[in-house]
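S.K.: Go ahead and model the full structure; you've got the sequences and the hints to work with.
Numbered by the numbering used here, the letters in the sequence shown go through residues 34 to 170 in order.
In short, the hints are calculated from the structure, not lab data.
Just so we're clear, the structure is a prediction, and the values are computed from it rather than from any experiment.
Keep in mind that the hints are not guaranteed to be accurate.
Unchecked claim - Here are the simulated distance ranges between beta carbons:
#1 Ser74 / Ala45: 31 to 37 Å
#2 Leu163 / Ile86: 22 to 28 Å
#3 Asn40 / Met135: 15 to 21 Å
#4 Gln137 / Thr73: 40 to 46 Å
#5 Val82 / Leu138: 26 to 32 Å
#6 Trp126 / Thr36: 38 to 44 Å
Beta carbons: idealized from backbone N, C-alpha and C, even for Gly.
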Amino acid sequence: MFTSLQNPLALASRLLLAALFLPAGISKLTGFAGTVGYITSVGLPMPTVAAAIAAAVEVLGSLALIFGVGTRFAALALAFFTLVASFFFHAYWNLPADKQMMQQLMFFKNVGVTGGLLALAAFGAGAWSLDARRAGR
Numbered sequence: 034m035f036t037s038l039q040n041p042l043a044l045a046s047r048l049l050l051a052a053l054f055l056p057a058g059i060s061k062l063t064g065f066a067g068t069v070g071y072i073t074s075v076g077l078p079m080p081t082v083a084a085a086i087a088a089a090v091e092v093l094g095s096l097a098l099i100f101g102v103g104t105r106f107a108a109l110a111l112a113f114f115t116l117v118a119s120f121f122f123h124a125y126w127n128l129p130a131d132k133q134m135m136q137q138l139m140f141f142k143n144v145g146v147t148g149g150l151l152a153l154a155a156f157g158a159g160a161w162s163l164d165a166r167r168a169g170r
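M.R.: If you want it as structure tokens, here you go:
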């Protein structure tokens with residue numbers, strides 16, 4: 034049964050993951066100064082460059098997932114980005130106990146998203162993708 038669902042589920046996975054990253058990337062671009070300010074607030078170096086990189090990774094990675102082109106590389110890039118960003122922006126262990134819950138939820142949500150991206154990197158985009166079309170499948 035699951036074999037027949039492999040391609041629609043791979044497409045759904047790509048689209049649902051892109052639904053998380055594409056709006057975030059677009060909001061980073063449209064609210065660029067705010068993004069730079071937020072990155073500055075956590076003490077990262079070169080916040081303007083970091084904001085541009087974050088927006089590019091999220092927008093371009095999302096588009097790659099949507100169309101299924103360069104899917105494995107895009108999924109790995111988004112997984113790395115998500116995991117690294119989690120340690121800087123959802124560092125719940127640095128907060129007082131009464132302020133940890135939301136950041137802990139966000140941190141572990143990102144860990145789960147990273148897992149989904151790694152599965153996509155491992156198994157590929159499926160037959161309903163430009164990657165498959167280019168490979169002649």
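S.K.: Taking the earlier hints as the rules, which of them does this structure contradict?
M.R.: When the structure is compared with the hints, numbers 3 and 4 turn out to be violated.
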